[in-house]
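> The listed protein sequences derive, respectively, from chains F and V.
Each residue of the first sequence is one higher than the one before, starting from 1 at the first, in the numbering used here.
Each residue of the second sequence is one higher than the one before, starting from 1 at the first, in the numbering used here.
By construction, these hints were calculated from the structure, which means they are not laboratory data.
A quick note: this is a predicted structure, and the numbers were derived from the prediction, not measured.
Don't take each hint at face value.
Claimed, not checked - For lysine to aspartate or glutamate, the following DMTMM-like pairs were computed, each having C-alpha atoms within a straight-line distance of at most 25 Å:
id	chain 1	residue 1	chain 2	residue 2
1	F	Lys56	V	Asp100
2	F	Lys56	F	Asp129
3	F	Lys76	V	Glu233
4	F	Lys208	V	Glu169
5	F	Lys240	V	Glu135
6	F	Lys76	V	Asp100
7	V	Lys323	V	Glu361
8	F	Lys56	V	Glu54
9	F	Lys206	F	Asp255
10	V	Lys208	V	Asp100
11	V	Lys56	F	Asp78
12	F	Lys56	V	Asp78
Protein chains: 2
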Amino acid sequence: MTRHCPNLLVVAAAATILLLNPAVQAQGFGGRGPRVVSPEVADGKVTFRILAPEAKAVQLSGSDIPGVGGGAELTKNDQGVWEASLDVAPGCYRYNFNVDGVSVIDPRNPATSESNANTWSLVAVPGADWMDTREVPHGAVAEVTYHSSSLNRFRRMHVYTPPGYENGEGRFPVFYLLHGASDSDNSWSTVGRAGFILDNLIATGKAKPMIVVMPAGHTGAFSFGGPRPTVDEFSEDFLKDIMPYVESHYRVHADRQHRALAGLSMGGGQTLNIGIPHLDQFAYLGVYSSGIFGIIPRPNGPAPQGPTFEEQHRAVLDNAALKPGLKLFWFATGKDDFLIETSRATVAMFKKHGFNVAFKETEGGHTWINWREYLNEFAPQLFQ
Amino acid sequence: MTRHCPNLLVVAAAATILLLNPAVQAQGFGGRGPRVVSPEVADGKVTFRILAPEAKAVQLSGSDIPGVGGGAELTKNDQGVWEASLDVAPGCYRYNFNVDGVSVIDPRNPATSESNANTWSLVAVPGADWMDTREVPHGAVAEVTYHSSSLNRFRRMHVYTPPGYENGEGRFPVFYLLHGASDSDNSWSTVGRAGFILDNLIATGKAKPMIVVMPAGHTGAFSFGGPRPTVDEFSEDFLKDIMPYVESHYRVHADRQHRALAGLSMGGGQTLNIGIPHLDQFAYLGVYSSGIFGIIPRPNGPAPQGPTFEEQHRAVLDNAALKPGLKLFWFATGKDDFLIETSRATVAMFKKHGFNVAFKETEGGHTWINWREYLNEFAPQLFQ
Numbered sequence: 001m002t003r004h005c006p007n008l009l010v011v012a013a014a015a016t017i018l019l020l021n022p023a024v025q026a027q028g029f030g031g032r033g034p035r036v037v038s039p040e041v042a043d044g045k046v047t048f049r050i051l052a053p054e055a056k057a058v059q060l061s062g063s064d065i066p067g068v069g070g071g072a073e074l075t076k077n078d079q080g081v082w083e084a085s086l087d088v089a090p091g092c093y094r095y096n097f098n099v100d101g102v103s104v105i106d107p108r109n110p111a112t113s114e115s116n117a118n119t120w121s122l123v124a125v126p127g128a129d130w131m132d133t134r135e136v137p138h139g140a141v142a143e144v145t146y147h148s149s150s151l152n153r154f155r156r157m158h159v160y161t162p163p164g165y166e167n168g169e170g171r172f173p174v175f176y177l178l179h180g181a182s183d184s185d186n187s188w189s190t191v192g193r194a195g196f197i198l199d200n201l202i203a204t205g206k207a208k209p210m211i212v213v214m215p216a217g218h219t220g221a222f223s224f225g226g227p228r229p230t231v232d233e234f235s236e237d238f239l240k241d242i243m244p245y246v247e248s249h250y251r252v253h254a255d256r257q258h259r260a261l262a263g264l265s266m267g268g269g270q271t272l273n274i275g276i277p278h279l280d281q282f283a284y285l286g287v288y289s290s291g292i293f294g295i296i297p298r299p300n301g302p303a304p305q306g307p308t309f310e311e312q313h314r315a316v317l318d319n320a321a322l323k324p325g326l327k328l329f330w331f332a333t334g335k336d337d338f339l340i341e342t343s344r345a346t347v348a349m350f351k352k353h354g355f356n357v358a359f360k361e362t363e364g365g366h367t368w369i370n371w372r373e374y375l376n377e378f379a380p381q382l383f384q
Numbered sequence: 001m002t003r004h005c006p007n008l009l010v011v012a013a014a015a016t017i018l019l020l021n022p023a024v025q026a027q028g029f030g031g032r033g034p035r036v037v038s039p040e041v042a043d044g045k046v047t048f049r050i051l052a053p054e055a056k057a058v059q060l061s062g063s064d065i066p067g068v069g070g071g072a073e074l075t076k077n078d079q080g081v082w083e084a085s086l087d088v089a090p091g092c093y094r095y096n097f098n099v100d101g102v103s104v105i106d107p108r109n110p111a112t113s114e115s116n117a118n119t120w121s122l123v124a125v126p127g128a129d130w131m132d133t134r135e136v137p138h139g140a141v142a143e144v145t146y147h148s149s150s151l152n153r154f155r156r157m158h159v160y161t162p163p164g165y166e167n168g169e170g171r172f173p174v175f176y177l178l179h180g181a182s183d184s185d186n187s188w189s190t191v192g193r194a195g196f197i198l199d200n201l202i203a204t205g206k207a208k209p210m211i212v213v214m215p216a217g218h219t220g221a222f223s224f225g226g227p228r229p230t231v232d233e234f235s236e237d238f239l240k241d242i243m244p245y246v247e248s249h250y251r252v253h254a255d256r257q258h259r260a261l262a263g264l265s266m267g268g269g270q271t272l273n274i275g276i277p278h279l280d281q282f283a284y285l286g287v288y289s290s291g292i293f294g295i296i297p298r299p300n301g302p303a304p305q306g307p308t309f310e311e312q313h314r315a316v317l318d319n320a321a322l323k324p325g326l327k328l329f330w331f332a333t334g335k336d337d338f339l340i341e342t343s344r345a346t347v348a349m350f351k352k353h354g355f356n357v358a359f360k361e362t363e364g365g366h367t368w369i370n371w372r373e374y375l376n377e378f379a380p381q382l383f384q
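Isolated chain F, as found in the complex:
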């Protein structure tokens, strides 16, 4: 017979169902083994834990976590739980464990962030108003499946719609925001906090409400030994499929003055590869921690072949009629970034051709810490 307080019975039933699940048992739920909480965020520290009684060594890998770099050692307690407690600034961090050579996401953390060929565990450390989840109107971030005619397969993008869009009216500008090498269309809205950053900017009146489209910049799995594409597959997909899809499926203004394009690292290169030849279509270009790849010759690199970017696009670069419509051409790169010289040389080349380039050299390196800040600084300058 069902008794008082049905939800308690639901919880009890849930417990039974869970305990029947061997995979759940193996993860240290229930009565078997110590209860493991990970990650635990408190007092400016994040404690990472994993139950691995048989392991010989466990390291933590985490982009952007101070002191971690390629791997911080965890220490094991007498219950077989490995642990490291680290000072971490407010932000959002990807991490993985390495258990005796095997890459392992945190078995006790459901939050993840996708790359192109793997997934990371994700921990958000609150404390920075501009990127925290705050009590302001929130937009929605949708996973959208489209069929790419240029690639002849299904592809995915993420689309941020501003607060009120789903029950509102009117057309919006569109900001296309590209990820970096090895990442995916999921990256900007997870570790990049793009939706929350836009929510906060819109709520404080700093940015115009806009649609942010986050496409998948890789057109295949990385394969260092494998064949490389012979055409610029992503540009094709972007111009023939992504932009037309967005402009036919969303209430957008489909003209130059309402289109922005930016990207980080590889996505910054793609921004230039797409944006410069089609400068008549974009009024705002952003290049984060990037530039024209190869503009700096490598000391012992292969001999350069074919025309340079500058040679290829000379007609656009020297077309004075296109420049007034480019409202913002914005670069930002950290002083410690391995691409700082690439950014500097790229900015210099565009200035030589009469472009009004804003270039901000920031602290820091090639990190999501910077990319979130660049987004937070770039988005308010759009569509004003």
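Given chain F, work out where chain V should sit, using these hints.
The following block gives chain V in isolation, referenced to the frame of chain F:
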């Protein structure tokens, strides 16, 4: 200098960036160690692989994969790659590896499916028209952050909008679809294929275009030893926050005839806990692999306390005026499901009170194989 075919330079730069990443190195990218592909879907088989040269034993756990159950052994080749190749029917499957006692998602597979307290690797095996990603108009599945006044914190839900919604007009009916114990608001749209099932049903004219809201049914982390909630927190959140949010943020018809509520397992119990006391608000109720928890007394269970569900809700159960507006009251449970007797007893109780209940006893057990099929059968009966 930048050369011919900028995208090749992007790829080369991306390779450099990737190789600088120690976590990537550890995962068997690049030149270090064998190249591992996992999962590999071909000829009705899925091959699962993981590089773990130091491991003593590796098992595969996977809900619904035939022959796997609590763990299928993988075998190691001379390069330290463990592998199992299994016959798998078309569908969508969660899996994890267990490496010497540590739960490990597939390090080479970016696709995941969230539960409440962990994440699974996910593999889709095409071959079933009704749930494949097909060349039909696709809806969007959004991650939506809302502030729950009843729980006093931010919560997340997933919302499917039908094809054309974002650039269209008009109001739509709403189907609230609840997950089971241990799962999350992400589960129905990943392993449950809810968006793709709806896309296919709508494209073939079998289902009406509708909005599908997938809330988070757990209000906290599971803790078997910890305190249990003293009020039905999810019902509060659903009625005071989720429904009002949806009805104010989406173009929906906010009346009984345009509201459906269904759930699987724990979510089926929640459907009854919410839907029966508020029967004036729902015209369609679905209970998948579930019923009233505790309606079957456990042989050695604790003595029942307090009023039964039937006693608690007698006024609604015997209110003849509410019944004509309940267009569909649909149960489905597998014959091998451990809750089959719970479903039978629940259906019998409702029939005793004059409800027109449809009850389908299907093959199979407490599996996503059944839940996807139940969704595919239930959704076409809504809002017709």
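> State for each hint whether it applies.
Now for the hints, and whether the structure bears them out:
no. : hint                 : verdict
1   : F/Lys56 to V/Asp100  : 11 Å, holds
2   : F/Lys56 to F/Asp129  : 41 Å, violated
3   : F/Lys76 to V/Glu233  : 37 Å, violated
4   : F/Lys208 to V/Glu169 : 23 Å, holds
5   : F/Lys240 to V/Glu135 : 17 Å, holds
6   : F/Lys76 to V/Asp100  : 16 Å, holds
7   : V/Lys323 to V/Glu361 : 23 Å, holds
8   : F/Lys56 to V/Glu54   : 10 Å, holds
9   : F/Lys206 to F/Asp255 : 23 Å, holds
10  : V/Lys208 to V/Asp100 : 49 Å, violated
11  : V/Lys56 to F/Asp78   : 21 Å, holds
12  : F/Lys56 to V/Asp78   : 21 Å, holds
Checked against the numbered hints above, the structure violates hints 2, 3, 10; every other hint is satisfied.
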